[in-house]
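Q: Work the whole structure out from these sequences, hints included.
Just so you know, the protein sequences line up as chains A and B, in that order.
Under full-length UniProt numbering, the first residue of the first sequence is numbered 1, with each subsequent residue one higher.
Under full-length UniProt numbering, the first residue of the second sequence is numbered 1, with each subsequent residue one higher.
Some clues are possibly wrong.
The list cannot tell twin chains apart, which means a pair is met if one copy fits it or any two copies do.
Unchecked claim - No farther apart than 25 angstroms at their CA atoms in a straight line, the calculated lysine to any residue pairs in the SDA-like style are these: (1) K211 with L287; (2) K211 with E310; (3) K268 with P250; (4) K380 with E263; (5) K284 with H218; (6) K285 with H218; (7) K420 with I408; (8) K357 with D242; (9) K357 with I249; (10) K319 with N339; (11) K284 with N359; (12) K268 with E398; (13) K284 with E209; (14) K211 with G238.
No lab work stands behind these hints: they were computed from the structure.
There are 2 protein chains.
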Amino acid sequence: MVLKLGRMTLKEWVAVESDSIQPVPRLRQELFRMMALAADKLRRLGASVDSVDGGSQQLPNGQTLPIPPIILAELGNDPKKPTVCFYGHLDVQPARREDGWLTDPYTLTEVDGKLYGRGATDNKGPVLAWINAVSAFRAMEEDLPVNIKFIIEGMEEAGSVALEELVRREKDRFFSSVDYVVISDNLWISRRKPALTCGTRGNSYFTVEVKCRDQDFHSGTFGGILNEPMADLIALLGSLVDSSGHILIPGIYDHVAPLTEEEKKMYKAIDLDPEEYRNSSQVKKFLFDTKEEILMHLWRYPSLSIHGIEGAFEEPGAKTVIPGRVIGKFSIRLVPHMNMSVVETQVKQHLEYIFSKRNSSNQMVVSMALGLHPWIANIKDNQYLAAKRAIKTVFGTEPDMIRDGSTIPIANIFQDVIQKSVMMLPLGAVDDGEHAQNEKINRWNYIEGSKLFAAFFLEMAKLH
Amino acid sequence: MVLKLGRMTLKEWVAVESDSIQPVPRLRQELFRMMALAADKLRRLGASVDSVDGGSQQLPNGQTLPIPPIILAELGNDPKKPTVCFYGHLDVQPARREDGWLTDPYTLTEVDGKLYGRGATDNKGPVLAWINAVSAFRAMEEDLPVNIKFIIEGMEEAGSVALEELVRREKDRFFSSVDYVVISDNLWISRRKPALTCGTRGNSYFTVEVKCRDQDFHSGTFGGILNEPMADLIALLGSLVDSSGHILIPGIYDHVAPLTEEEKKMYKAIDLDPEEYRNSSQVKKFLFDTKEEILMHLWRYPSLSIHGIEGAFEEPGAKTVIPGRVIGKFSIRLVPHMNMSVVETQVKQHLEYIFSKRNSSNQMVVSMALGLHPWIANIKDNQYLAAKRAIKTVFGTEPDMIRDGSTIPIANIFQDVIQKSVMMLPLGAVDDGEHAQNEKINRWNYIEGSKLFAAFFLEMAKLH
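A: Rendered as structure tokens:
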């Protein structure tokens, strides 16, 4: 009954076009409506709910838009029970039928056991699965084995504007009693085998500007007598990584955590067919052939990607310009135990060395535009043990212990600010298509995921 | 009197916003009006004038715009006299007061002996100087010493659409009696010393595409396991030219004409202060310090410029994208006696070699998108001798014998199609600012230039 109601609510929630990306007043209204629906749902569950005003945001064009409230809710405050705080978000990526959706993106539609709709897996389904788990105890008139808190936002896809500030503000109030934080905002690495996420890479994003003068030159009238900024920049960018993906910046691997035997076993156990993965990625060949090598290079080794160049000629056609000032952009995905400020220094020293060898008359400036630490969980922690046991109970298997090669800043925000254990417990299958057309959550994942959360509450209480 | 009338006509012509760049019906009407004014002027001079319908052009957006007529005019057909054909254009680059003009761009305004206005030097002033020269003979009721033909177009700034086709079509009619073609569509290299242009560089424009797949990747989820197309492309582009401007493609210098002692002397005689040139170019340092080295590397040696990359991230900000398919663009300015198809082969072989060494699983395609031959005049030719003598008469000096580092396709069109001697005889000073804000022609250049053309007619007749 609870789960049937849960599917009806998912349909109702998916029907709200809570798109936080497009800065349109109508969509902001939908976001506010979405947050109000969720607050109402939690209140009816018996939670005390606080919708915290998010203030407003000014867009680059000067327009001001209101930020939807962040919901802080709690159910139970028994000091003998552990307090688990669930983070989720109810905003979604844009979706239009004509982008290639086979069904209306805002009408939850079941086909062959798959529930299609924008937000179904990212992240409305998982938020409701948690609520379903709580409702199940309520419906059976059983005491909740743990104290539950919710923090639910509506701006995750737009960069979680206002979240960090709220977490800092509420550190000694709402979060003071929180023992564990659970996030269910990523996916398994398999279609059928559940997973627990225990780490993400960080990211340090660099810009390197080479300037001769502000205006461009014509290649006919100046080609041949200039240190062309593009030639300098190409040489700088070309010094960063070799054709096997190895980063050439001296010292960059010095602090990468050594590979342990235990970790090696973990990669071996993971359910991933490298050929299938390669095919589904539409890539002719990866740099590595084995499952273990692929996973290690996505999760536990740093990588360097060159993203592009600002200020050069980027349009179709043939323009004979010598750009006067160009900015190269690249980033390094960071892993434990790389230190961001050490990396920053290594990158700057390396580029300064390469540039000095060219004896160019141009000016070069290197900046680290963005730095996000890697995140690694303590998988010996109680909540990881509880989640493993719950997965065993519901799915009859050990989970894949996975990491995410991307950066999920909210994990670090919670870990750094409130200094409590953070766990990522995904519900969705690898092919759910978050952010893509025809996003879905499998009916099976949604139902078993709701059960998983309930089992997790019980295991959590036992271990506490 | 002729020259006073000439300045009045220049004012009238500059007042027409004959902008061929912006595809706006109103501006096309202005272009038609401009061509009609010129046809009328030539008719009043006694010329027989044919305004050849230019047809229409279809823009990338599907819009169709009419192309202004090309004027073919002639004055005299005495078989005993040489026939000189003057090429000019009456369209202009866009100009708006708010772009930084100190006077209204479409109101010819004299300040300190400078006539400011869009098109004053490029190319309405020189066209009128030629007409003034003819008018002077008419006013003095003297016979023209040469037969004169005019070909005047209105689409030069937009790529001389329709010109080549017309020249080919008229090869055995209008152009059959032409002995010499004179173009006055470039500038001196000095403020005060006249010049004769005797060569331009050609250009071969290359694209090199590296593709993994059509869609981009996220650097978090794929960084570390891919042969990233940007890394391949950066390595390819980085193999083309060193930091001293030397092109690294094997064999590329093989056919560059050897430097003769006579040519060396020519560079020595040219009026150019390298320091002043560097300062006015707002460049901290050139690759070369001496006048001779600078001129040789702009005119008689090839140069390679990297223009940019299509398909990568080129906007401000920090996007963590791994571009799936990128197209690098570079071009080589060609000089005598480089052969375009040899260059094409050398570039392709070099890039294929560099790419093969990387052992990348991506696909690479190199294409020559555009090829324009260098142009070199025979300065021993009668019309160059006549021009030198006329310059001596009017300015009391030998001209700078200069080349242009850019490519001026019309010179090659005339030389290739009608197989007659082409000369570039500039009138404007180096600081005239063609295409820029505050374009001007000096009153002195305009008047002496008109006299120069008249003297040239006389010298031409003597030498014939």
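Q: So, for every hint listed, does it hold in this structure?
A: Verification of the hints:
1. K211 with L287: Answer is between; shortest inter-copy Cα gap is 15 angstroms, intra-copy 35 angstroms.
2. K211 with E310: The answer is both: 12 angstroms in one copy and 20 angstroms across copies each meet 25 angstroms.
3. K268 with P250: The answer is neither: 31 angstroms in one copy and 48 angstroms across copies each exceed 25 angstroms.
4. K380 with E263: Within one copy, since 13 angstroms is at most 25 angstroms while 81 angstroms is not.
5. K284 with H218: between (39 angstroms within a copy, 17 angstroms between copies)
6. K285 with H218: Result: close only across copies, 17 angstroms inter versus 40 angstroms intra.
7. K420 with I408: Answer is within: at 16 angstroms inside a copy they meet the 25 angstroms cutoff, but 70 angstroms across does not.
8. K357 with D242: Cα proximity of K357 and D242: in one copy and across copies (19 angstroms, 11 angstroms).
9. K357 with I249: Result: close both inside a copy and across copies, 15 angstroms intra and 21 angstroms inter.
10. K319 with N339: between (42 angstroms within a copy, 22 angstroms between copies)
11. K284 with N359: Classified as between: cross-chain Cα gap 13 angstroms, same-chain 40 angstroms, threshold 25 angstroms.
12. K268 with E398: Classified as within; 13 angstroms inside a copy, 83 angstroms across copies.
13. K284 with E209: between (34 angstroms within a copy, 16 angstroms between copies)
14. K211 with G238: Both: 18 angstroms inside a copy, 18 angstroms across copies.
This entry does not satisfy hint 3, going by the numbered hints stated previously; all others are met.
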